[in-house]
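Colleague: Turn these sequences into a full structure, and let the hints guide you.
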Amino acid sequence: AQSVTQPDIHITVSEGASLELRCNYSYGATPYLFWYVQSPGQGLQLLLKYFSGDTLVQGIKGFEAEFKRGQSSFNLRKPSVHWSDAAEYFCAVVLNTGNQFYFGTGTSLTVIP
Amino acid sequence: EPEVTQTPSHQVTQMGQEVILRCVPISNHLYFYWYRQILGQKVEFLVSFYNNEISEKSEIFDDQFSVERPDGSNFTLKIRSTKLEDSAMYFCASRWPDTEAFFGQGTRLTVV
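Those sequence lines, one after another, are chains B and C. Position 105, counted from 1, in the first sequence is what this note's numbering calls 105; the numbers after and before it change by one each time, with no gaps. Position 26, counted from 1, in the second sequence is what this note's numbering calls 26; the numbers after and before it change by one each time, with no gaps.
Since the hints were made in silico from the structure, they are not lab data. Since the structure is predicted, the reported quantities are computational estimates derived from the model, not experimental observations. Check the hints yourself; a few may be wrong.
Below, in silico cross-link-like pairs of lysine-lysine (BS3-like), each with a Cα-Cα straight-line distance of 27 Å or less [claimed, not checked]:
id: 1; chain 1: C; residue 1: K57; chain 2: B; residue 2: K49
id: 2; chain 1: C; residue 1: K42; chain 2: B; residue 2: K49
id: 3; chain 1: B; residue 1: K61; chain 2: B; residue 2: K49
id: 4; chain 1: C; residue 1: K57; chain 2: C; residue 2: K78
id: 5; chain 1: C; residue 1: K83; chain 2: C; residue 2: K57
id: 6; chain 1: B; residue 1: K68; chain 2: C; residue 2: K42
id: 7; chain 1: B; residue 1: K68; chain 2: B; residue 2: K49
id: 8; chain 1: B; residue 1: K61; chain 2: C; residue 2: K83
id: 9; chain 1: C; residue 1: K57; chain 2: C; residue 2: K42
id: 10; chain 1: C; residue 1: K78; chain 2: C; residue 2: K42
Modeller: This is how it looks when you write it as structure tokens:
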């Protein structure tokens, strides 16, 4: 079955530490890939996206993600986490043959001082 | 900056009542979506709408649900005979082809 997997339900990091959130997908073709962030009580805000081209994409708030075709992954990274980064992070894909967004189950990020 | 707006932000309704959740998508977008998120759970796809008709719907989107784009600007989700398990945050989204989806801030529906 086609799916988006975020293996880490909850991650805790210290402020200033580096961060990597994992995302894997299982689709026959390369989909369009996205990371969204949801702060408590808020909607979904786009962090970054990948459609084609350079496999390392830069986003807002200092985030970046790298598309690795061979691993079917699109992991989100940040070199130095800030307390305000505490939120829920969702990976999403949309097939370039369709229009439905498929979301992963989300990773909850806690940042400790 | 254009944005998707949803009203109301919070709605409380009695079980068995009908509710209508309203959304104003970004004006030149072509694809429209409803998602729901039960507290503490993942974001679940409900339905997508294109060219004035439903293009895809999930198994959650049964006969209890319907969508409309009545006037070319609003995009509504109607839930008939609400159940306790319909309590969730409902998100509307819109997009242009081959772009990201823009989400509204959500409507928190509480069924009592």
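Colleague: I'd like to know which numbered hints this structure contradicts. Please list them from smallest to largest.
Modeller: Going through the list in order, the structure violates hint 8 alone and respects the others.
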